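Q: Take these sequences, add in the hints, and give me the full structure.
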Amino acid sequence: MPTTLVVTVVLWGLLWAGLCIGLCVVPWRARPALLGGAALACVVHVYTLVQLVLPWTVWVHWLGQAWAAELRKVAGPVPLTWVSKGIGVLCSLGWVYALRRATPTAAGFVRPAPGSIRAVAPAVLAAAALVLGDAYLSRHAFPALSTGQRWLYFVLPGLHEELFYRGALLGLLAPGLARTVPLPGTRTSWGGIAGVLLFTLGHGLGFPDRLFTLGFGTDFWRYVGAWWSPTHFPLSDVLFRLSMGTLFLYVRERTGSAWAAAAVHCLLNGCLAVGHSAG
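Using numbering that gives the first Met the number 0, the first residue of the sequence shown is number 0, and each one after it goes up by one.
No wet-lab data here; the hints were simulated from the structure. Owing to the predicted nature of the structure, the values given are computational and were not obtained by experimental measurement. There could be a bad hint or two in this list.
To be verified - Label pairs and their computed distance ranges (CB to CB):
no. : residue 1 : residue 2 : range
1   : Leu14     : Pro103    : 28 to 34 Å
2   : Leu234    : Tyr96     : 26 to 32 Å
3   : Ala32     : Pro103    : 18 to 24 Å
Just so you know, even glycine gets a beta-carbon here, dropped at the ideal spot from N, CA and C.
A: See below:
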C-alpha cells in the first residue's frame with residue numbers, strides 16, 4: 000500500500016476528529032467520552048466522504064490490470080460513488096438506531112414540526128432560484144452529466160451530508176452543547192456551527208489519482224502544500240458552501256427535522272444538475 004495513502008487517510012481522520020473536538024470543547028457541558036464519540040463519528044464520515052470505496056485506478060495499482068478488470072465485472076452495475084455515499088447514510092442512521100448513541104429527536108430523524116415548512120419555504124425558494132440561475136449561466140463550464148450522474152446528485156449527496164452534519168452529529172453533540180446560537184425564528188448550538196465548517200471543508204477534499212504513486216519525495220510535499228494552498232479552496236466556493244451549510248442548518252433547526260434539511264439539499268443539488276445540463 001502506498002505510504003502516501005496511509006498518511007492521507009490517517010491525517011484526514013485526525014483532522015476531522017481534531018476539528019470536532021477543538022470547535023466544541025470550550026462550551027462542552029457533558030462527559031468527555033461523549034465528545035470523543037462525536038469525533039469518532041466524524042472520522043467515519045470523512046472516510047465515506049472521500050470515498051471509502053477507492054477509485055478503480057487504485058485497484059489497478061494494487062491488483063494489476065487483469066484482477067481489477069475481474070473485480071469491475073462483478074461490481075459493474077453499481078457505481079462506486081453510490082456505494083460509498085450509501086454506506087455513509089447507513090453509518091449516520093446506525094449511530095442513532097443501531098448503536099443508540101443519540102435519540103431520533105436529538106438527531107432530527109423526525110417529521111418537521113407543524114407549520115415549519117411554510118416558515119422556511121421563502122428562503123428555500125429564493126435559494127433555489129439563485130442556484131438554478133447561476134448554474135444555467137455557467138453551464139458551459141461544466142461537462143455534460145449522464146442520467147445516472149443526475150440521479151446521484153438528486154438523491155445521495157443530500158442524504159449523505161445532511162443526515163450526518165445536521166442529523167447524527169447534532170444528536171451526538173446535543174448532551175453537551177446548549178442551543179444558544181440565534182438563527183431566524185430558532186436557535187442552534189456550537190455543534191451546528193461545527194457541522195457547517197466541516198461541511199465546507201469537506202467539499203475541498205478528494206483522492207487524486209497521483210497520490211497513490213507518490214512517495215515521500217519532493218513531489219509529495221509539493222502536493223501537500225498545494226492541498227493547503229488557498230487556491231485549492233477558492234473564496235467564492237468557500238462562501239457558497241458556507242451559505243448553503245447555514246441554510247441547511249436553519250431549515251433543520253426551524254423544522255426540527257434533518258429529513259427536511261436533506262430534502263432542501265437534494266432540491267438545490269437538483270437545481271445545479273438541471274442548470275448545468277440545460278441547453
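Q: Taking 26 to 32 Å as the hint, is the beta-carbon distance of Leu234 and Tyr96 inside that range?
A: With a Cβ separation near 39 Å, Leu234 and Tyr96 fall outside 26 to 32 Å, so the hint is violated.
Q: Taking 28 to 34 Å as the stated bounds, is the beta-carbon spacing between Leu14 and Pro103 within them?
A: 29 Å, holds
Q: For the hint 18 to 24 Å, verify it against the beta carbon of Ala32 and that of Pro103.
A: Given a distance of about 21 Å, which is inside 18 to 24 Å, the answer is holds.
The earlier numbered hint that this structure contradicts is number 2, and it is the only one.
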